Amino acid sequence: MFGDVFDTVEDIMQGTGAVASQQYRRPKNCASELDLPELSRLKYKQHKKQNDQDMEIEINKKQFAGIKNQGATCYLNSLIQSCFMIPEFRKAMYDIPLCKDIIDERTDFIKNEKKFRCLIAFQKILAEMESLDVRAVSTEELTKSFGWQDNQALEQQDIQEALRVIFDALERALEGTSHKEKVLQHHKGLMVNHITCLGCNISKERTEEFYDLILQIQGCNNIEDALKNLITPEKLDQDNQYYCDNCDKKNDALKGQKIRAFPDNLTLSLNRFIFDLQTLTRVKLDSEVQFGLELNIQDFLEDSSMVQENDENMIYELQQVLIHRGNAHGGHYHAYIRDCMEEGEWSNLIEEFNHELKKKIEEQEKQQKMETEEKNYEGDKEEVIEEEDENGDDKAEKNTRKQKNIDPPTRRKKDNAKQSGKNAKERKKEKSEKKLIEKRKQVAKDQAYYDNKEFPIPYKNKELAKNWYDFNDSSVTVIPVNRLQSQFGGSSESAYILIYRRKNLGQNGVTLKPEMPIYLQNYIQMKNKIIQEERQRYEEAEKQIEIFFTDTEKIIWDKYKWVDEYQVEKEGKKLKFNVENTLQQIFEAIQQNLGVNQNFGILEVEEKSNNNLLQFLKLYQSQNDENRTKTIKELEISHYSSWVIFYESDQNHQDILNTIKPIIGEFMIPIKLSILVSGKKNEEIVAWSNMKLKDFRKYLEQKYPQIKYEEQYIKEYQGNNQVNHLNNSFEREEQTLNQLKIYNNHDIILQKIDPKLLEQAQIQYQQEQQNENNKQMQNEQKDDNLITCLVETEDNSETTRIFLQLEWTLEELLVHIKDKLGIKSGLKRRLRNLNEKELFYQNEYSKKLSEFSDFKEGGQRLQIERGDIPLSGNIILKYQNHSNQYKKKHDEEITDQNQLLKQNFSQIKHEIIIDQKSSLQDLLQKICEEQQIDPTCHKLYKTDHLEEPTVPYNQNQYNNILKSLGLKTGDLVIVRHNSQILQQPEELADTDISIILQQRDVENRIYKNQEEIIINLSATPTIEEFYEKILNHLNKKRKEQNIDQQFEELTLDNVKLAKYFPYDYMYKEISHEILEDYLKNNKRGKAKKMSKADNNIKKAPFLIKDDGDVIGYRFEKDNSFQTDDFQTDQDLYMREQVLEQKKQNKIYNEAKYQGKGGKEQGVKIQSFDEEEEIALAIKQVEEFEKQQQNSQQQ
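Quick note on the UniProt record's numbering: the sequence shown kicks off at 1 and runs consecutively.
None of these hints come from the bench; they were simulated from the model.
Don't take every hint at face value.
Distance condition first, Cα-Cα at most 30 Å in a straight line; then the derived BS3-like pairs of lysine-lysine [to be verified]:
#, residue 1, residue 2
1, K1092, K1080
2, K91, K460
3, K543, K559
4, K204, K255
5, K698, K820
6, K672, K698
7, K527, K554
8, K672, K554
9, K752, K559
10, K694, K28
11, K909, K848
If you're wondering where the values come from, they're calculated on a predicted model, not measured in any experiment.
With the hints as extra help, turn the sequences into a complete structure.
See below:
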């Protein structure tokens, strides 16, 4: 982490610390161009009662500053905050004379540049935490001095290790100076490691210094037990006896540790992380370990008999608790620290805390009381309802109670119906937010519980209960001493490091605040001055805005656009105003600065980013405007707004104003519409979103006078030959374009129609709407048998709400859903219960919906799928046919277009329904019958999580039933030809692998001489080892068969290997070049050297498995032209089929959704698993292509 900070003389500290990502804000004022200034330290507030009223008074005293988190530096922040609050450490750091009177003038005390930067950065951060007027200081300069790169601020470290590393780094930085011992002298203790022979009682000892004591807490109830275990020696006996030089033989002995001297600041590290030998993982111990505010160390000294009774030097007082929240693999650190120098205003702050705690407890008690009363009330209501039912209440009265939400189950049902209407993303977000809120509530509840509970361990010095703070990165808050008991353990948050301080440390027991050196004082004063100036500059900028002014010639008024390439921000006149300036002052500034000497008006314009049209927002006149006395803030004039100046004496200007006045306003948003009128080309016009339909029609009458207002019939084209009739009802005339969902770039069809026919259509539409409303009201008045469910399509493209009757059967519901979704009655469909994630079986389709609990309770979610309905006990498997018999089909002349389409999609996943008690052989037989291939020449492959084939099922498994093989609904199997599958071995050792070896015929581009071999490999086999095993086999085989005696022995130079990847239909050569290319492109980027761990053929890109891999070998003498690529023509053909499938999928997906704005203009392709749907798909594609050609011609 910091180990190489001082290893070299050269200055290598050029890395930058992690910088928080910049937040871009919408410009509101001139301050938007400035960096946010540092926030001032929080001032504490105090509650006072005056005239029986609770009043909040702000006291002008500051709280402690926190430290910003650079990403994952909470451990470092907690350590620095810990060091800062230890007076001896702060004083020792301040005493290092690094500079003269100002920080830019160095002394010669530390000449090494790296060491100086580290020490001065440490001094600066301590001084900033003490006196800089900011809410949180930064550690970036400090981490830069460590030589950190950006990503190191995002890597969390263990705080115990970091403590020792930082202390060691400080000692190395001060090596050779008189301050080396001073900085950490109060943190060092002395420990003795000893082995004592029990034969002669002679001990061998070795002393060492320690910064902290690591305590094993497993099985301990408190810190005293853990300290006792630390110094209890271990007995070496039996086979583990100690050889004593004095006795010249092995004897029993005691081995252990003794603490000869405790440091003034005692650091106890609790070992909460252990390695679990059963799970072979690192785990965190959350067991409870109590610690007191006082600790007597007398019993733990090496020679405690020499200590006098009640010696104050033996008493230590708790000062800090460094806390870890999380698990063994990560989490968060913060610290509870006692302010022993009383720098803060704890006494005043705790009053505010207790005030809030009292309110919090009262709210919790009130909430608990309300929940109890509600439960009792609901129980009483149910009893009353049951009693009324027994007394003969009629059905109407029951319904009345339900409508008034008396019946809790009915209310829950309605809530569930509402909830089911939300999409999955919204439900997930709500669930996550609810979980977070509940977690925060629980944390607050737990904290309130401990805060209100007395600290359980007695202590004599009552001052120890005061001045406790929670230092949590940039937040520093006051806490009561009772909160400490929450860190004993028992949850994911617990004490990790305890720091005790000797009671009588200091001058006469009084801890004095260290004095800051003069150069640091000057540095803080300078920084505070700069920060204050930045705040003042920012506050002034917050009150100012800049406005751009231009003239009417810069706008093309009939197109509502700026003239070509005009940019008002660059070419307009810019004036700056205070937000408290009035409109009258704006007019005066325009006259003075822009030379306007007559009556004028200003119009605010804004260019819309989606269509570059200008929106007209506000218009003000320099004479007699009622808003003249209002301020910029009151008028909500925005920063960087653009205004056009109009002259009242200019008739042309007045004509423009009279034209645009009806469309001035913040809701009058300009939109582009494409208008299609019979006999004319498509024409783009500008309309406004808040324009009523009747006004839009008048506007169209002006544009197209050949169609009078009463003859207009307007439709919105929605793609796929779908239209939305706009003016077919009287009610729509009063609706705005926005309410009618007419948005930018929509297509509008304008037709001429007989006014009488239009009126009849409007009356008919009104009657239909009335009938629909009546029908809906009747449905709402029906009994609970009428409910809704949500139905999703198989591709999740849409979700539809379906009304249903509980008296229907599931079969009737399926027919109703197909009718609603426009699915032909003859097409095979089935239903899946998404709540249970299971299909409905055939025997369930005759049941009434009232027999299913999910339908009765409401909120049912279904999915309609393609395919047959399975019988009970059946499973639905998927399979792919990778058979090389496709080659035979390819050679035949195929004229039928449907067959050609099937051929292009030969690699789609097929579905097969089969009894789970059937055997694997039955499954193979059934698949081969469907595909019309020979089952004796094919076998089934297992697939992995990527749905890639792994190994074939062995011959013995074909008699097993599918259930015993673990096959279940949704699993995928691959059927392949036997040519690449040989007999599996009976047994394999753990280190053995089975491979299918075949020789490359370079001339004919095929493989021959297939054989199955078993080789033994290490746990991490390299390329060289793999080649060695294969070559040993081939050389042995050649020798036995007396083949090619004149040819030299096979080696890495004259033989090449390649692995076959059946899912991709390709061979990949096994070589270092292929491995290096893979690492460069996928893993290491610009790595110069391949590591030893990378050379493992079981890893990517070769992925040699334990069973069934096909390996081809090629004699390099047959590849004299170096042109062979290991591939076969058959595999190349199959790869072409896969690529063609992807190409076709892309074509159809592009055809499915074309255009912008989410408007569906293309065809919607159905499944390819049914002849009827295939023909429909081809027809739709042809129609789409014709439409595309026609549109291009137009």
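Agreement of K91 and K460 with the hint, judged by alpha carbon distance not exceeding 30 Å: Holds, because 29 Å separates the two Cα atoms, which is no more than 30 Å.
Satisfaction of hint between K554 and K527, Cα-Cα up to 30 Å: 48 Å, violated
Restraint check for K909 with K848, where alpha carbons must lie at most 30 Å apart: 34 Å, violated
30 Å Cα cutoff - pair K672, K698: 17 Å, holds
Given hint K28 paired with K694 - CA-CA distance at most 30 Å: Given pair K694, K28 is violated - Cα atoms ~37 Å apart, limit 30 Å.
30 Å limit on alpha-carbon distance, applied to hinted pair K1092 and K1080: Between K1092 and K1080 the Cα gap is close to 15 Å, so the pair holds against 30 Å.
Pair hint K543 and K559, alpha-carbon separation not exceeding 30 Å: 36 Å, violated
30 Å limit on alpha-carbon distance, applied to hinted pair K752 and K559: Given that 30 Å is the threshold and the Cα spacing comes to 26 Å, the pair holds.
Proposed proximity, K820 with K698 (alpha carbon, max 30 Å): 38 Å, violated
Holds or violated: K204 to K255, with C-alpha atoms at most 30 Å apart: 10 Å, holds
Proposed proximity, K554 with K672 (alpha carbon, max 30 Å): 21 Å, holds
Checked against the numbered hints above, the structure violates hints 3, 5, 7, 10, 11; every other hint is satisfied.
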